[in-house]
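Chemist: Read off the chains here:
There are 2 protein chains.
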Amino acid sequence: MSREDPIIALDAMGGDNAPAEIVHGAVLAARDLGVRVALVGRPEPIIAEMAKHLPAGRQAAAKPANLSIVPASEVIEMDEHPASAARHKKDSSIVIGLKLVKQGQADAFVSAGNTGAVMAAAIMYLNRIRGIERPSLVALMPLGGKLTVLLDVGANADAKPQYLLQWGQMAAAYMERVWKVARPRVALLNIGEEETKGNQLSQEAYKLFESSGLHFIGNLEGKDVPRAAADVIVTDGFTGNVVIKTMEGMAEFIMGELREVMTSRFYYKLAAATLIPAFNKLRQKMDYREYGAGPLLGVDGLVFIGHGRSDAQAIKSSLRVAREAAQSGMLDALREMAPARVRAG
Amino acid sequence: MSREDPIIALDAMGGDNAPAEIVHGAVLAARDLGVRVALVGRPEPIIAEMAKHLPAGRQAAAKPANLSIVPASEVIEMDEHPASAARHKKDSSIVIGLKLVKQGQADAFVSAGNTGAVMAAAIMYLNRIRGIERPSLVALMPLGGKLTVLLDVGANADAKPQYLLQWGQMAAAYMERVWKVARPRVALLNIGEEETKGNQLSQEAYKLFESSGLHFIGNLEGKDVPRAAADVIVTDGFTGNVVIKTMEGMAEFIMGELREVMTSRFYYKLAAATLIPAFNKLRQKMDYREYGAGPLLGVDGLVFIGHGRSDAQAIKSSLRVAREAAQSGMLDALREMAPARVRAG
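So the protein sequences, as listed, match chains R and Z.
According to this note's numbering, the first sequence is numbered sequentially starting from 1.
According to this note's numbering, the second sequence is numbered sequentially starting from 346.
There's no promise every hint is true.
Claimed, not checked - Estimated spans, in silico, between C-beta atoms of each pair:
#, chain 1, residue 1, chain 2, residue 2, range
1, R, Asp79, Z, Lys525, 44 to 54 Å
2, R, Arg283, Z, Asp350, 45 to 55 Å
3, R, Ser73, Z, Tyr612, 54 to 64 Å
4, R, Arg283, Z, Glu389, 48 to 58 Å
5, Z, Gln507, R, Tyr267, 37 to 47 Å
6, R, Asp79, Z, Lys491, 34 to 44 Å
Keep in mind the hints are simulated off the structure, nothing from the lab.
Note that the Cβ used here is the ideal one computed from N, Cα and C, for glycine as well.
Generate coordinates for the entire structure from the input sequences, incorporating the hints supplied.
Modeler: In structure tokens, the structure reads:
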């Protein structure tokens, strides 16, 4: 399945800034990085947005040859009911994009749209990899220039120890293949370091991880999450989702308060102006946009789900990472892992 | 049980900065606020620390009359196994302090010591309030000058819907009595706003809260936690513990990175120096020390557990809040709530 020059299907209609930022990101990836992109969605707005980024006067001719459009008449909105939208909107950009992957016309699908709908549609149309019990959504946490991935962040609110093990195994393969991390350090999220800590799920998962052959470094606590103390942190989808949203909320709170106190006096404002490059550097250090979308691991195809707020830069990175994943043979690696796990279990 | 001028038993030996900061905090509360404090622990170090804060030359005479010492020969260390330490160290400051409460010689107990040991000992020596299934530890989150409480933060890694309801009811009573919040807004922590979101626990708890008579405002997500979107946020002890530690880790990460970028160039340092008061103001806005220790709700006595890093200011606040709780009749209110719940359940 993995080809030298993969085609990435991109949901042109998904995300808070769709289609403008999505199409812009596709143009950047196609032009600057040479990624082959199939933009899926309503042709008219896609063409209109594309025109903004191509040399005036000769737009049709100047369209990069590696950028194509696959029509899809429907749009799944950000607040639509995921499963029902995935089932009924068969001509949506999400469903059409996933079908391109299913049929081998694309090698990966990237969307910044309705997360629940992409997950539901991916499971519905691509199915799970044989032997994988539950697909899992990965969040990328780029903090201080290091990448840690956290999963599950919402695909499975209730989990079993065996799911957690499979997620750890898949995420380790992803870190090795896509981010070239040798022997990724895998940890469980818990409320204490000792193996007897935590809820029943964590305690049972600990035993499975210990004898898994993974580079398992034990339990990490919430305070370790922003510290890149592991390459892969595994938890259930309820806790994981609450954690990434708490981190987001906390960053927003602190940056907002910082802005407020620094503009509260005239001479603060002057000093703060000098520091703008420093603040920008800090912001960059927490910037997910360089790393792109997180994978939905365990479905039988490469699917990447980005933040709803993704801008052109984030989309460009996502397309780069999706190509990297397709070239790396990650999916084949996951497929080969699965039966071994079933036998072992 | 509630008296006009309550006595607060204070664990002089518990916490990263014990006994120095603890004793200092007791002196401040006794002298500045007139709180009656019984310092529990090894008399020699307590007296030595006390001497540092009393006028030189006439220390014995100058000791505030409302400050007493109750000897306890043992110390439970911060990293000791909680249940075993609580059971075996019968002459520890924690066990002696709780027994003072049990016997009515003190009206509340405050400790910044080994959280697990205080919880275990409190349940062991004070028992649960009749009808309360599981005591719960409350974290105080003072963000932006508003107080939100989150529970459970570690007493119960696994929870049932009925526990969550009782915790919400107790925390609402605590906010009303101690912090004078009329009709506290109570929310469940979840991964989406709709009642059908989340794990099985949250979905079942939602139904109980809806028909509870509480001022239930529904589900909140992780990003809402730092926003004071509710007065009381309820979740299981696993998620709650991970959340407060993630918030702490995130604040440390951002403040650390901020320090780093701002000292990376000479002219940044100059500008940053001007901003020091602004940064201090920001730090104050996230400062738990003004609010003191969080209550362990559901044990049959008033118990407050502070951050291990508590300094004199935090201890002073904790003693003030513990006195407020004792005077408010909160414990009687919790005792009266309990049987009603049992009948209703």
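Chemist: Could you say whether the range 54 to 64 Å given as a hint is met by the Cβ separation of Ser73/R and Tyr612/Z?
Modeler: holds, 56 Å
Chemist: Please check whether Asp79/R and Lys491/Z have a Cβ separation lying inside 34 to 44 Å.
Modeler: Given about 28 Å between the Cβ atoms, the range is violated.
Chemist: Mind checking the hinted window 37 to 47 Å against the Cβ distance between Gln507/Z and Tyr267/R?
Modeler: Once the Cβ atoms are compared, 56 Å apart, the range 37 to 47 Å for Tyr267/R and Gln507/Z is violated.
Chemist: Against the range 44 to 54 Å, how does the distance between the Cβ atoms of Asp79/R and Lys525/Z compare: consistent or not?
Modeler: violated, 38 Å
Chemist: Between Arg283/R and Glu389/Z, is the Cβ distance one that fits in 48 to 58 Å?
Modeler: holds, 52 Å
Chemist: If you check the beta carbons of Arg283/R and Asp350/Z, does the distance land in 45 to 55 Å?
Modeler: Because 52 Å falls inside the window, the suggested range holds.
Going through the hint list in order, the structure does not satisfy hints 1, 5 and 6.
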